[in-house]
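**Q** So the protein sequences, as listed, match chains A and B.
Sequential numbering of the first sequence, starting at 1, is according to my numbering.
Sequential numbering of the second sequence, starting at 1, is according to my numbering.
Since the hints were made in silico from the structure, they are not lab data.
Fair warning: this is a prediction, and the values are worked out from it, not measured in the lab.
Mixed in with the good hints there might be a few duds.
[As the list claims (entries may be wrong)] Pairs of lysine-lysine residues, derived as DSBU-like cross-links and limited to a Cα-Cα distance of at most 30 Å, are as follows:
{"hint": "1", "chain 1": "B", "residue 1": "LYS8", "chain 2": "A", "residue 2": "LYS438"}
{"hint": "2", "chain 1": "B", "residue 1": "LYS204", "chain 2": "B", "residue 2": "LYS162"}
{"hint": "3", "chain 1": "B", "residue 1": "LYS255", "chain 2": "B", "residue 2": "LYS433"}
{"hint": "4", "chain 1": "A", "residue 1": "LYS545", "chain 2": "B", "residue 2": "LYS31"}
{"hint": "5", "chain 1": "B", "residue 1": "LYS223", "chain 2": "A", "residue 2": "LYS106"}
{"hint": "6", "chain 1": "B", "residue 1": "LYS19", "chain 2": "B", "residue 2": "LYS31"}
{"hint": "7", "chain 1": "B", "residue 1": "LYS8", "chain 2": "B", "residue 2": "LYS204"}
{"hint": "8", "chain 1": "A", "residue 1": "LYS438", "chain 2": "B", "residue 2": "LYS433"}
{"hint": "9", "chain 1": "B", "residue 1": "LYS162", "chain 2": "A", "residue 2": "LYS106"}
{"hint": "10", "chain 1": "B", "residue 1": "LYS19", "chain 2": "A", "residue 2": "LYS438"}
{"hint": "11", "chain 1": "B", "residue 1": "LYS265", "chain 2": "A", "residue 2": "LYS106"}
{"hint": "12", "chain 1": "A", "residue 1": "LYS106", "chain 2": "B", "residue 2": "LYS433"}
{"hint": "13", "chain 1": "A", "residue 1": "LYS584", "chain 2": "B", "residue 2": "LYS162"}
{"hint": "14", "chain 1": "A", "residue 1": "LYS106", "chain 2": "B", "residue 2": "LYS8"}
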Amino acid sequence: MSFKVGIDVGGTFTDLFLWAEDGSVGSFKVLSTPQDPSLGVLEGIRVMAEARGMPLADFARATSLIVHGTTVATNAVLTRNGAPTALLTTEGVRDALEMRRGIREKQYDNRYQNVVPLVPRRLRRAIAGRIDFRGEETIPLDVESINRAAEDLRREGVTSVAICFMHSYANPAHEREAAAVVRAALPGLFTSVSSEVLPVIRFYDRVSTTVLNAYVGPVLRSYLQNLTARLADTGFAGVLLIMQSNGGLAVPAVTEHLPASTLLSGPAGGPRAAAVFASAQGHEDCILVDMGGTSFDASLVRHGAAALRHDGEIDRLRIALPMLDIVTIGAGGGSIGWIDEGGLLRMGPASAGALPGPACYGRGGERPTCTDANLMLGYLDPAYFAGGRLTLDLAAARRSIDELIARPLALTLEDAAAGMYRVINSNMAHGVREITVKRGLDPREFPLVVAGGAGPLHACMIASELGIPTVIVPSAASTLCATGMLLSDLQHDFVRSCVGSLAAIDPQRLRGLLAEMAAEGERQLAAEGAAEIDHQVALDLRYLKQYHEVTLPVGGELLAAGDWHAVVEAFHAEHDRLYGYQLKAQGTGLELINVRVRSLGRTHPPELPRLAPGGTDASNVRKGSRRALVPESGAFADVPVYDGHRLLAGNIIRGPALLERTDTTILVSAAYTARVDEAGSVVLRAEG
Amino acid sequence: MTEAMIDKVLAAIIGNAFKAITDEMSLTMEKTTRSPILCEAKDFVTGLYDAEGRMLEQTENLPILSFSLSPVCRHIAERFRGDVYPGDVFFHNDVFSFGNQNNDVAAFKPIFYGETLVAWAAAKGHQADIGGAVRGGYNPNATEVWQEALRIPAVKVFERGKLRRDVWELIFANIRLSIVEEDMRAEIGACTVGERRLLALIEKYGIDSILAHKEYLFEASRKMMEAEIARIPNGEFCGESTVYYDGKNEGSTYKIRVRVKVEDKRITFDYSQSDPQTNGFVNGTFTSSASATVLTFLQMVNPDIPHNDGMLQPIEIIIPEGTILNAAYPAATTFGNHLCPPNADAIIRALAPVIPERVTAGWNQLLCSLSTGMNPHRRDTYVDILFMGLKGGSGAMRDSDGYDHIGMIDASGGVLDQDYEMFEHMTPHTLIKHEFLCDSAGAGRHRGGLGVETIYRVGSDATQVVAFGDGDVEPAFGLEGGTEGTLNKIELHYPEGRVVRAKSKDLISGVPAGTVYVQQAGGGGGYGPPTERPVERVRQEVRDGILSLASARNIYGVVLDSLTYEILADETARLREERK
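Assemble the whole structure, with the sequences as input and the hints as a guide.
**A** Written out as structure tokens, the structure reads:
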């Protein structure tokens, strides 16, 4: 018997998904261990071994694959615990990193401060030398100043160096020379060179990304080395793969070289799993929402893969590597309800977290949270929360809501709790609008896939606010990201700038760039043992004199044939789709900015188990009923409660109903009907 | 309004929905406009207004535009009462009927539910050209509105869904650039998006419910604003500031004087004692000046108050016609938005003694330039507004430092720098420097935001440089013992060695390739005595090169070893003691 394991280390919990050769699967959660996350990972493996009734060593030896999503890089940035890092950059522009193009996100808040830069000014060293926008050297590189800087940096205790010079995407010679000098002077240091990390035009994007990469590099490297050693100690001799922010996998050596590619490592696993569960319902696009204790994440699946962006941010710092396009808002089970000065009810973004937690946890939390409201509304069984591991204190929830919400607003206790539920649903619907409407997409055209322990109680209401007809709650809802990790492919993204009028671009040069990137992809994927390799090409194009580009996927054969006409036509159509107009009639020319290649190494993902078929009738797994709010009528009623673990494929349950599982509870509201599919998902559809 | 109908939870949800609609309208503008000042600098605003023109919600990108739509909307609602139909679209820019600036042209679309006018959707953006004597509209020689712009009082360009082709053509026959026509279509598009979304909301909750909850939302915002005002002691507080150089008479100065009256839950800003208008283009309009007043005051209150009509109800603004902030017909006024910084200074000076914990010290004022000419690499013309060069520091507060390189208070960090590499691709120029300017921040227990120095080499002959702004005579002021920031400056170093300093309103032609353009945007004012700034922070700033050793010693009383930057404790203690 062999095993494959997906491990998603989150802030509070480490989620694990276990697949066994016999086709059985299991979801597990253990507490995360932020001081050394590998301890939590090991604990998770121990728990899984125990669940399989095996000694740890036997289980570890039988595990052929571990796919790991890690927050190590993210946390290093958020807590500013990355490596002491220096930046060597072109004389005259060393403050670009800190200026962030001069933006203040909150225009009316004079107390709002700029982000502390990852490299303080004294460690941002100006180096003379200049390449112009055509890639020609106009001032030679001052090698002596690099040697002097290296000497200083040694004294400053720097362990990582970022190198980013003006126009290095057009000519990397100065950066390469500088890197060689630094590596010779300071052996063992981590170096991050912009023309290797992200050879694209736009200085701020590049310098910010290169510095992020340098800052998290040593931390991720030592974590991975530590983890690899610990896993080896258990007897694990299989393959370890790391989840990257682009939704693809890579071997540890590759991520050690490009550590910034793991900044959204955890959540990036979700869309792949969402795609698999959505495809069982015949959809290749979907919206994924994940509601945990403190935050609500929304992301998108297009054509079976995670929708990415290359103008993302982490902690207000630009990262221009392709990464999951995700909208995060402060809405979770722990979100605190409060009343603003104008007398309006608000939910979050402050959260009671896991400690003190919601009032009903009885751990000292006094402020009313979303979970307290859900308990009051009858959606949660005080005796069966987390499968009965935690008994909820209904009286504490009532007290807290009464005192801080109901009385100040002169509402009944029930109306206050219902209000909290509605407001947080409205906030989450707004988050879904951000990821769809703001990207030019209509949410009604996508099914909503729901993950996270708290999400399935709110899904129907989020969907109905947006007019989304179908909601899918996967069997692995509470560990969806860990599941997705096991289902993902190896993937590497490459980009090169190639700026100029499309009509004047030398096709030979373009083909050369594409071939160079594809070869790099082949090399990496071959080293990772990929058998089936595939490349996808995209061009960043815009109309002449525009400022924002559109990334246009194009078939490789189009480029090979030099068929610009078809590319131009496709651009007009895509621009029209996104922005509602095109300039074909005016004959406006196009400008090429970047060329992109995505190299995919197809894996053979494990088959997820199918649920045994049953009839439409599920009355035999009905556990009873309880008084709960029916959102559509605004009134309490006796709502049937079902055992979610005993449902069979084909079962149909009309709302209102509650389907209880140990990891989550699904609310089927009155306007919805639930059907269970063979993948084990509960599919909710608005009827009538 | 019937109290019984109010669902306080639904009120919050409808409030969110209004905001989502104006955000979506804004996104439509951002993605579909072409002029860089719209799609890059986002100099536009979108909003929803009720049938009477009262603001329901808006998405403001530059605060100075934020309160400039509602007065026009009220004007149109009033003037066309009984003559508004589904499918109508109005254009408007006229500064003598509540417009804020000639170039800021608005589109308004009435929203009908059945037969009834229930709301307006509106979008307004800074257009690349609006006719008048000078391309782009900044004409320092103008003395009358017609030398600046085509006046568009409220006119229907669509009636009952039908384009009024003659009116449309009349307007665009008087505007130089064809992109303006496209960008105005984008404004109409944004209004249509707003109309569709609001109607969907009405379908969902019912018109009576929406109207009742609208009033409730106004009330909620009003209460929040009243609570903020109630925290200011009652009384009358005066402040003044100076506007330098009207673009015609070198050395000319004008005073802005404000009397702020606080009575329990109401606040009045009375500008009656300000100087008369100028005979040039350095004049405000009522709307631009009132917008400046509101945005400055909003920075002194809870930043989370929803922006709707209720928020404005407790605020009264008096600006007599004929004064510099409200020039009488037919004055030139294009510089009016840029009177926001001195207006803000006057308000801050008035309120600083009363609410010292809520004001900033002085902000760096705007001094902006743009260059135009031929780009030989692209064999095409270019226009570049040097956004990166114009942004100095904000003033410090009692409990926090100012913000570095944020720009003038009327944008407050809403305008992005150009990317350096794109700048070199899209203009013929070469960037030599864009960095924080050492010693530019006003000193204090909390320092002002840093200014920046921007240097580029002009890359083609016959370049034209236009400068407009202020802040080259009087620096940003400090408060409570904090010191002032540094001045703005633009210089051209010609290849043959001549150095020309640009005036604050200037147009310099025939600049040859190889000329070096040098601009300094000053720092913001400091707050509190510099000797109270922690010694370690002073040391770090010296190490970081944004404060000189000499300033550390002379201003902060911190003495450092010039090689090791170690603190010389005895000398520092002695110096700081002396300064007390």
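**Q** It remains to establish, for every hint, whether it holds in the given structure.
**A** Hint check results:
Under the criterion of a C-alpha separation no larger than 30 Å, the hint pairing LYS8/B with LYS438/A is consistent with the structure, at around 28 Å. Of the supplied pair hints, the one linking LYS204/B and LYS162/B holds, its CA atoms being roughly 29 Å apart against a limit of 30 Å. The straight-line distance between the Cα atoms of LYS255/B and LYS433/B is roughly 36 Å, outside the 30 Å bound, and the hint therefore fails. Straight-line distance between C-alpha atoms of LYS545/A and LYS31/B comes to about 14 Å, which keeps the hinted pair within the 30 Å bound.
For the given pair, LYS223/B sits about 22 Å from LYS106/A by alpha-carbon distance, which is consistent with the 30 Å threshold. Taking the CA atoms of LYS19/B and LYS31/B, the gap is about 18 Å. The hint holds against a cut of 30 Å. Only pairs whose Cα atoms come within 30 Å are accepted, and LYS8/B paired with LYS204/B is accepted, the gap being roughly 17 Å. With a CA separation close to 36 Å, the supplied pair LYS438/A and LYS433/B exceeds the 30 Å bound.
Proposed proximity of LYS162/B and LYS106/A is contradicted: the alpha carbons are some 41 Å apart, above 30 Å. In summary, the hint linking LYS19/B to LYS438/A is supported, as the alpha carbons are separated by about 13 Å, within the 30 Å threshold. Between LYS265/B and LYS106/A the CA atoms are separated by roughly 26 Å; this keeps the pair inside 30 Å, and the hint holds. In summary, the hint linking LYS106/A to LYS433/B is supported, as the alpha carbons are separated by about 28 Å, within the 30 Å threshold.
Of the pairs offered as hints, the one joining LYS584/A and LYS162/B holds, with about 25 Å between alpha carbons and a cut-off of 30 Å not exceeded. At most 30 Å may separate the alpha-carbon atoms for a hinted pair to count; LYS106/A and LYS8/B meet this at roughly 27 Å.
Checked against the numbered hints given earlier, this structure breaks hints 3, 8 and 9; the rest are met.
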